[in-house]
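Going line by line, the protein sequences match chains E and F.
Numbering follows this note's numbering, in which position 84 of the first sequence is assigned residue number 84; successive positions increment by one, without gaps.
Numbering follows this note's numbering, in which position 196 of the second sequence is assigned residue number 196; successive positions increment by one, without gaps.
To be clear, the hints were calculated from the coordinates, so they are not data collected in a lab.
Just so it is clear, CB atoms sit at the ideal spot from N, CA and C, and this is done for glycine as well.
Take these hints with a grain of salt, some might be off.
Beyond 12 angstroms from chain F on every Cβ pair, some chain E residues (computed) [as the list claims (entries may be wrong)]:
| hint | residue |
| --- | --- |
| 1 | Ser-60 |
| 2 | Leu-179 |
| 3 | Gly-239 |
Chain E regions said to be covered by chain F (calculated; three or more residues, Cβ under 8 angstroms) [said to hold, decoys possible]:
| hint | region |
| --- | --- |
| 4 | 42-55 |
| 5 | 142-151 |
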Amino acid sequence: MTLLSLDRLTVRRGACPVVDAATLSVAAGELVGLIGPNGAGKTTLMRGALGLLPHEGRSSLTDLAPQARARHAAWLPQSREIAWPVSVETLVMLGRTPHLAAGQRPTDADRAAVARAIATMDLAGFETRPATELSGGEQARVLIARALAQDTALILADEPIAGLDPGHQIATMAAFAALARAGKALVVSLHDLGLAARHCTRLVLMHKGRIHADGPPEAVLTQDNLRAVFHISAHLTRGPEGVIFQPLEVLP
Amino acid sequence: MTRALFPGLVLLTAALVLVSLLTGPAGFGPGESLSALLTGQGEAVTLVMREIRLPRALLAVLVGASLGLSGAALQGYLRNPLAEPGLIGVSGSAALGAVIALQTGAAAAFGLALPLMALAGAVVAVLLILLLAGPRGGSLTLILAGIAISALAGALTSLALNLSPNPFATAEIVFWMMGSLADRSLTHVWLAAPFMALGWALLLPLGRGLDALTLGEDAAAALGVRLARLRLRLVLGVAACVGAATAVAGAIGFVGLVVPHLLRPLVGARPSVLLPASALGGAAMVLLADIAVRLVLPERDLKLGVLMAIVGAPLFLHLIFKTRRAAA
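Build the full structure now, drawing on both the sequences and the hints.
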């Protein structure tokens, strides 16, 4: 089942296209890693797809009304904004906003979704702590939990694991992979190509606003693509422990 | 904590209304005053209670609730605890509108001219603030925008004062700049109440959207919040509340700053709960201040706006200090 389809999506800043005619289709069960150098258009692609930026071309998400879209797709922005010292539980409960009618109080189902998200992100015991008093990495996990609590078929996340410690980076990617296996679809931008290669079912490589390559990790992380887009060389093997990817050096 | 807060605030406000009704230079006994208010026995005391003290207490509730609610709503939208209608020039611009109505004689010719002009002044100010502070509303740009608008409104008010045709108009204009609830009638209540009710109806349902904005504009929009509609309701609601409050009471600052600041820890910092709490808290605070101006200097007609500024300005300094420490 296709959960996201983009048809020649173009987002311009001034006259210059930041995302140039991106065509992409994401189905249930996929964990798509969106990779590319800084400024390649990863964030803009996701924001355009959600209808948060004016765009040309078609996105299946912008066909939906705001509340219906919020029930179908969750968005985790890169900026980790928590404006007020609300408790962790209150913050995660914000993910339930699209599921509540005007004036409706959270039901047991909402509370259960929040508890699941808190447990998935290893935040048990933090529920009553003010979210603003946590460390940066802990705040990042709280915000991921908020997106998970939204309980949508599709999750778009912009660099969700940046700034997390290695254990929580791996745990988060494993949690994402488990969600994908359970029938959701995720599009996750990230810079750690090793984690991307290991956990994602598919990689989309962006370069100067265009989709440069799209396919299984080993088909995308070729020496040619890495040289053309990142200007690096790397070592990639498939061993008994899965795909191992190690960037080596910057090419002249 | 939150569960006990609302009954507590309602009781506090009701008690302060009672004290406000029983405070004044006329020196009637409490039993005599209240029975006169309810039954109309005793001509002089009934007149004092129904024509002087009742409007004063009612206006304190209406003005305080409107200003407290506006402050909480602006802070929630801009995600900034320093946003306050008086501080960022909304009250000043509303007062300017009122002054222009007085100066040009429009207020004398047409009864609704004064509140409508105050309202228009408030709308222009809120629009300018949102335009200047930008979508993200950082502290610095917000305060700078507020200073600019306050300065402009102040200068234009001074110009009106400067060009005022006679000393009576001058005295009236000076009065708008200080803010007071003394010598108001029920006419003032009926003038302000519809606009304020409209403002409350616009602002109180914004809670869920403001909660979602805790995560920033992008995340809120992706949660299904229609930001353009929210912003429009906020502008109109704050303008209706502050415009109407200023039209009947003059410029009263700091209510929208002090009240949400005091109540925020008691509501778990949730903007949606802070809205009604700040409305009740604002009513209690203005009642308290209006009782205080009658008790502190009973003969000198201490102005309410002056007292609020003396109480509020140090707290504002404290907040700036705290914001700076948090940013460091």
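Test the statement that E:Gly-239 is away from the interface with chain F: the closest C-beta pair must be farther apart than 12 angstroms. Per Cβ check, E:Gly-239 is outside 12 angstroms of chain F; nearest 39 angstroms; holds.
Minimum Cβ distance from E:Leu-179 to chain F greater than 12 angstroms, as the annotation requires: Non-interface label stands for E:Leu-179: nearest chain F Cβ at 18 angstroms, farther than 12 angstroms.
Reported absence of E:Ser-60 from the contact zone with chain F (all CB gaps over 12 angstroms): Holds, since 15 angstroms exceeds 12 angstroms.
Stated coverage of the region 142-151 of chain E by chain F [criterion: 3+ residues, CB within 8 angstroms]: With 3 residues in contact (Cβ-Cβ under 8 angstroms with chain F), the coverage given for the region 142-151 of chain E holds.
Coverage assertion for the region 42-55 of chain E with respect to chain F, Cβ distance below 8 angstroms, three residues required: It holds: at least three residues are needed, and the region 42-55 of chain E offers 3 whose Cβ sits within less than 8 angstroms of chain F.
Hint compliance for this structure: no hint is broken.
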